[in-house]
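Using the hints, put the two chains back together into the complex; each one sits in its own frame.
Going line by line, the protein sequences match chains W and E.
Position 11 (the first sequence) corresponds to 11 in my numbering; numbering is contiguous.
Start counting at 1 in the second sequence, then tack on 464, and there's your number in my numbering.
A few of these clues could be false.
With a Cα cut of at most 25 Å, we get these calculated BS3-like pairs of lysine-lysine [stated by the list, open to error]:
id, chain 1, residue 1, chain 2, residue 2
1, W, Lys74, W, Lys245
2, W, Lys105, W, Lys126
3, E, Lys701, W, Lys31
4, E, Lys547, W, Lys31
5, W, Lys81, W, Lys105
6, E, Lys547, W, Lys39
7, W, Lys105, E, Lys702
8, W, Lys81, W, Lys245
9, W, Lys39, E, Lys701
10, W, Lys39, E, Lys702
11, E, Lys547, E, Lys702
12, E, Lys547, E, Lys701
Far from chain E, by Cβ distances over 12 Å, these chain W residues were calculated [to be verified]:
id, residue
13, Ala102
14, Met113
15, Leu171
16, Gly172
17, Ala261
18, Val424
19, Gly453
To be clear, the hints were calculated from the coordinates, so they are not data collected in a lab.
We put the beta carbon where it would ideally sit given N, CA and C, even for glycine.
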Amino acid sequence: MSIAAQQFLEAAGSITRNLRHRGLIQTALRKYEAARDRKKSAFNDWSAARQSAAETKWDAINHLDTYLVEFASKLEARGTKVHWCPTGPEARDTIRGIIRDAQAKCIVKSKAMTAEEIHLNEALEKDGFEVVESDLGEFIVQLRQEPPYHIVFPAMHLTRDEISDLFERELGSAPTREPEELTMIARRALRRKYLQADVGITGANFAIAETGMVSITENEGNARLTSALPRVMVTLLGIEKVLPKLEDLALFLPLLATAGAGQTVTGYNTLYGGPRQPGESDGPTEWHVVLLDNRRTELLADPEQRDALHCIRCGACLNVCPIFRNVGGHTYGTTYSGPVGSVITPHLRGLQDWKHLSNASSLCGACTEACPVKIDLHHHLLQNRRNAVGDAPSWIERLAWRAHAFVVNTPALYQFAQEVGRIVEPLRKRLQGTPLDPVQSWTRTRDLPPVAGESFKEWWRNRR
Amino acid sequence: MNARDRILARIREALTVPAPKPGSHGHAQEHDGGHGHGDSSAGTRPIGFRNRPVHVARAWLPQGGSTPAEHLARFAAASAELKTDFRCVDSEAEAHAALRRIADDEGWRRVASHHHAMTDAAVAALGRPALFTDGGYPPDDLEACEAGITTCDVLVAQTGSLVVNSRSSGGRALSVLPPHHVVLARRDQLVSDLTDAFQRVEALHGQQWPSMISLVTGPSRTGDIERILVLGAHGPKKLTVLMW
Ligand code: SF4
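Just chain E, with the same shape it has in the complex (with noise of 0.2 Å):
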């Protein structure tokens, strides 16, 4: 027997024994009643069901929203706590408007960012060297951009988070070697939750998944000296999402 089949097998002779309810810490009838979800009596169902609803338990869980405007605010609301700079705009001019004054005023050499309508765009409107890192790139290159321009894949109301991945967003680097991440978004691609998030992602890339999709929720963080905040630990000490 190999060895995954002499885990399996151990694993098969454990669970003929069947464990008690979830959650009823070992009383039959104590469940957490009371909710009124749907779903209480999944512990009792046979083996193998994969019909649990899966929209249940977002109800429990922070809201996003249920119309744009809420979306906005909550999205916006999040980004101040998680100190992402997130500019809405009403046109792709302003936003690249507003792209060059973060360059200047960051005195930007060299970007790098991906092909895409919407990065393609920006880059040409910066009018500084770029580095794309599509087919392929040296790693010190990208290094030593001081920003990463990319496209995003949905953003989240619920919790200020944005979804970039290995194939439409430049790669698994470009969204987090450079010290500044400048995400560029649609309005329709902001989504109240998860939940919502993750069916879009489904959407997008359920027929052949990229080898890597990161949820990116503000610029990288550390608490390890003493519990304080510190932005900018390996990742992007910033992070700016312009929206139009």
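In isolation and in its complexed conformation, chain W is listed as follows (with noise of 0.2 Å):
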């Protein structure tokens, strides 16, 4: 077993026993099942919107090649500079390069899960440089040293009396049990930032082809403040994030917003086409774009699977999913959670080492149903068992299913196997889940059926 399994199962056994935990999530998400129900119903037919949102994805990430030059040329003639990232490590290199050329001391940063792939802000820190999340999510769990609990809720695992202990722990305030006072505290803390930063970094929501913009999807106000004080701007985004047309946005961000927040669309949606341009009175004076790869193209070259790079990362299949809602987000251990996180982490990090997530699964579909650009996703949690035991077959495995299929289809044994089955039987019942039991990590939480005292054959013959 890997290292990150050991860890899965370990993380997954105690938190799972917490009712804190659960209680507090499963508040969060009856509120946000509500809401999205009430947005989902204002659709006129949800179903169709999804398909097309589908097709569009599909012909974004299918014609890839094409849609990134675009973009960067479009870019590039605005005078953005645009960087091509085949790896973290080089799209880490390339923004401390872009922060030491900037001399910056003091960097302000929106939300952007790319950041947390390539663990940027501890190479930043590392560096010597103030990184501030701005989120009030994120700017908390950074507080907590933490990662990100959920996508889009980064901070849900927390009540109001942890958050303000740790305002008043960190920041020296007063305590509160009011959520508005919490948020004004984080937003006078940063409101300095803002002003003081040199630099800026944040990540994307679409990357529009056609017109050679970025667009970015938040609430709070931060990534538009994050973008238009500091001097210099870093934009980091997967290149999957394209989208053929701008109004192609008409679509995708009612979609995101309703399937990810359960609203009609997010506060700001901010599409950015270059730096300061001339006559404007503010903005960085330069503009960094980003683009990373990070194994995203071994995605793209498995047919099967390469929908998985139409994902919005709108945390709707998270939200919805009973592996998720018990073990949390952090128990995954993974930069991506949920469904979506075990479809694309043994892809993105190494198939043997994460095959695990494809397990903790009840393939109950609910996040295939919930996802607004159709992901297959839980046939892809299928495909990875698949592929992860073609990789590596277990020869135990393999020689259990031969005896198994040389008994079943040999009569006189399988025959011979249900009288033994009917002797031991009570012995067996004893002793199931037991550490006696050879198989017990498997019988310990599941049953198994009694042995019929009489088959169907016997059955037959005695009724005829």
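Here it is in structure tokens:
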């Protein structure tokens, strides 16, 4: 078993017993579900909208080279510097270089899962820079020195009291139970940072090929401020973010907001097409767009699961997943958690080390149902399982299945096995799940139906 | 080979094997049929197609109405839900009177704005000191203003949104740094849905894009603490739209 798999099992085992955690997550997700259903019902046809989105993303991903070139050249035409980075370390070094050249001291950052993916903050802090997360949830988890719990709701696992204690300890604020008061404490702490920062780092939600623009979705206005005041702006995004046309946003913005947070559209959806242009009153004088591959092209090379690159990171599949709801976000030990994380992490970080995530699924299909771009998530989990076994077959399993096949294909042997089964049944029942059981790890949490006293064949024979 | 070419080469190599139709979940025939939309063959189109009808999807989305009265009603309803203070008045003079009342109630000492016929008139009517962001400004001064008064490109009935940009709405920060954002708008700037809005924006700016275009929907908000809504996370706590 890989280290990651062991950690997953341990963490899952302890957190599923934590009732406080369970209560918090279920309250939060109940609120989410009610809001999402209300907003979904405002659609004339939700499933047709999803289909349109799936087709648009299919177009984008299956012509990725064409659209990326178009996107980059349009950006460059307006004075943006585009950096292509095949790996995480290359992206990190590129950004460190930009920051060194800018002789920056203070850096503000808005939410970017790609930055988590390449561990950007750690690298910059090691270089001696101060990096301040400006999204409220990210700010909170940064103060706690932990990764975001959820790709959309980073601090979902914390109560207001815990946040109040944290602010009291780290920022010296007075304790309060009001979410509003807590938000204002963060607002005041961050205001100065926007004004002081020399560099602003953002992520991106969409890359519009037609016009050469990046679209950033947020509710708080922190990304708007991050890209307004510092003199250098850096935007880090995965190469899969492309959309062909500007008008595609008319479909994708409502889908993202509805599926992700139960909103009609998110508070701020902002398009950036360049650094400060002639005649404009503010904005960064330099803008760097960093395009990250980091093994996305491996996923692209698998036509069966290529649609996982359609993901718009709305988080809907996490919210509906019975596994996520029980084990929570941190248990995964990955940047992207929940069903989509279980699907893509093996591609991004190695199948054998991360195949256990594809087993942590009830295969109920709730994720596939929820996904606004119709990614076939639960089948991809099955495909990962198949690929993992194909790559590294387990000899014990193979032998067991061979033996099983031999027994069930040999009537006399099968008959004999039935007799033996009936005789040892009382003993088996006693032993099941105890340390004396040779397959305890399987039977501890599962029931084997009792061996029937009479087989169907016997029943038929007796009745004639 | 440089990094760009390396990535593009990997993409091209990966794409030599075609992927199944979008949304078909691996089954060639099982398409989400029955909706009668005209674009279900998109998946089979050859590489590089760009003629996908962009208006197809709008029919499935929430609707913004088809007459100006419907647009207005929809925008008002969306604003109420978003906690945007939306007021549709009969004349510019009435809008100025409303603005003065807000300024008095909140005790504004200094406002920020940008030069435009509508904002100039409103700032003059307010009779308070003003910072104009045109041509550059000290950020600390803008931060000290109680309100940012701007125009907008277009308003969207479907979503209760409005669009500002960095060239003709006073820059990137004016509409997001002060705690109260006031938007002055004309009725004919209100359109039905996002598709119309993007078309309007393209018609206005397509020749020379501003560096930032923002679709603003309600005041700044967060739900990061126990999913409880709080307004004014980092941006404006209040958003007022005065339309005549
Ligand atoms: S896989 Fe689908 S549901 Fe999950 S985050 Fe991505 S877009 Fe959302």
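Restraint status (C-alpha distance of lysine 105 of chain W to lysine 702 of chain E at most 25 Å): violated (32 Å)
Pair hint outcome, lysine 74 of chain W versus lysine 245 of chain W [Cα-Cα no greater than 25 Å]: holds (13 Å)
25 Å Cα cutoff - pair lysine 547 of chain E, lysine 39 of chain W: holds (17 Å)
Given as non-interface: glycine 453 of chain W, which should sit over 12 Å from chain E by C-beta: holds (43 Å)
Nearest-CB test (12 Å) between chain E and glycine 172 of chain W: The claim stands: glycine 172 of chain W keeps its Cβ more than 12 Å from every Cβ of chain E (closest is about 19 Å).
Agreement of lysine 39 of chain W and lysine 702 of chain E with the hint, judged by alpha carbon distance not exceeding 25 Å: holds (23 Å)
Beyond 12 Å from every chain E Cβ - status for methionine 113 of chain W: holds (16 Å)
Interface exclusion of alanine 261 of chain W relative to chain E, criterion Cβ beyond 12 Å: violated (7 Å)
25 Å Cα cutoff - pair lysine 39 of chain W, lysine 701 of chain E: holds (24 Å)
Non-interface label on valine 424 of chain W, tested against every C-beta of chain E at 12 Å: Consistent with the label, valine 424 of chain W stays out of reach of chain E, its closest Cβ about 43 Å off (over 12 Å).
Straight-line alpha-carbon gap lysine 701 of chain E to lysine 31 of chain W, limit 25 Å: It holds: about 23 Å lies between the C-alpha atoms, which stays within 25 Å.
Minimum Cβ-Cβ distance from leucine 171 of chain W to chain E exceeds 12 Å: holds (15 Å)
Violated hints for the displayed structure, listed by number in ascending order: 7 and 17.
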